[in-house]
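Colleague: Sequence:
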Amino acid sequence: MYQPPLFRETRPEVLHALIRNHPLGLLICNGSAGPVANPLPFLLDADVGPNGRLRAHLARANPQWRLLADTPDMPVLVVFQGADSYITPSWYETKRETGKVVPTWNYATVQVRGTARVIDDKDWLAGQIAELTKTHEADRAEPWQVTDAPDAYIAAQIKGVIGLEIDITGIDGKWKVSQNRPVGDRIGVAEGIEADQRATDGMAQLVRRYGGLTGE
Numbered sequence: 621m622y623q624p625p626l627f628r629e630t631r632p633e634v635l636h637a638l639i640r641n642h643p644l645g646l647l648i649c650n651g652s653a654g655p656v657a658n659p660l661p662f663l664l665d666a667d668v669g670p671n672g673r674l675r676a677h678l679a680r681a682n683p684q685w686r687l688l689a690d691t692p693d694m695p696v697l698v699v700f701q702g703a704d705s706y707i708t709p710s711w712y713e714t715k716r717e718t719g720k721v722v723p724t725w726n727y728a729t730v731q732v733r734g735t736a737r738v739i740d741d742k743d744w745l746a747g748q749i750a751e752l753t754k755t756h757e758a759d760r761a762e763p764w765q766v767t768d769a770p771d772a773y774i775a776a777q778i779k780g781v782i783g784l785e786i787d788i789t790g791i792d793g794k795w796k797v798s799q800n801r802p803v804g805d806r807i808g809v810a811e812g813i814e815a816d817q818r819a820t821d822g823m824a825q826l827v828r829r830y831g832g833l834t835g836e
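In terms of the numbering used here, the sequence shown opens at residue 621 and continues consecutively.
Some clues are possibly wrong.
As the list claims (entries may be wrong) - Okay, derived cross-link-like pairs now, DSBU-like style, lysine-lysine, Cα gap no bigger than 30 Å in a straight line:
{"id": "1", "residue 1": "K794", "residue 2": "K779"}
{"id": "2", "residue 1": "K715", "residue 2": "K794"}
{"id": "3", "residue 1": "K779", "residue 2": "K742"}
{"id": "4", "residue 1": "K794", "residue 2": "K720"}
{"id": "5", "residue 1": "K715", "residue 2": "K754"}
Please keep in mind that the hints were generated in silico from the structure rather than gathered at the bench. Every value quoted in this text rests on a predicted model; they were computed, and no experiment measured them.
Model the full assembly from the supplied sequences, consistent with the hints where possible.
Modeller: Structure, rendered in structure tokens:
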């Protein structure tokens, strides 16, 4: 990933937070006909090994897992996309001063590299599914639990999926959130995003935080 120093994010807690807040990662590997990619919801075990581990499951009908199974420890790339927003030059103070501005796109993203292992174990899969469900149901008024469904139904569902673990060998973060713009432009971007219902609220917060506009 192209990473100008100003946009590089290296703090593990920040990178891990993006993965947990945006857990649908794009799993990418090489197949005989070229790259193969599928979106999967991941769990992050940050304390496993030197760099952490990702866990997921995918449908047995999905041929990507066979590519991974046929090549033990195949290198993979998982891309997690955080907040993003189109940035119009109309938000820049510089537009009014010189007119020398162009549109751009702000975004925060994390790329994880690692080696993948396929896991065909019903107990592992049951635990994975239960934890993934608990993670995303926890803040609901009436959380759904795997045990709410009939045992036979869940057992049949588990037969239809396969597990995946990825030991992380490298993790890169890029927060392109207007840090390269003058202070007046950063303020204009944050305020513009907050006023634009089409934009992402999370991006306004990132522009303020990384642009030194919040005191953090």
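Colleague: So, for every hint listed, does it hold in this structure?
Modeller: Hint check results:
{"no.": "1", "hint": "K794 with K779", "verdict": "violated (38 Å)"}
{"no.": "2", "hint": "K715 with K794", "verdict": "holds (26 Å)"}
{"no.": "3", "hint": "K779 with K742", "verdict": "holds (8 Å)"}
{"no.": "4", "hint": "K794 with K720", "verdict": "holds (25 Å)"}
{"no.": "5", "hint": "K715 with K754", "verdict": "violated (48 Å)"}
Comparing the model with each earlier hint shows violations of hints 1 and 5; every other hint is respected.
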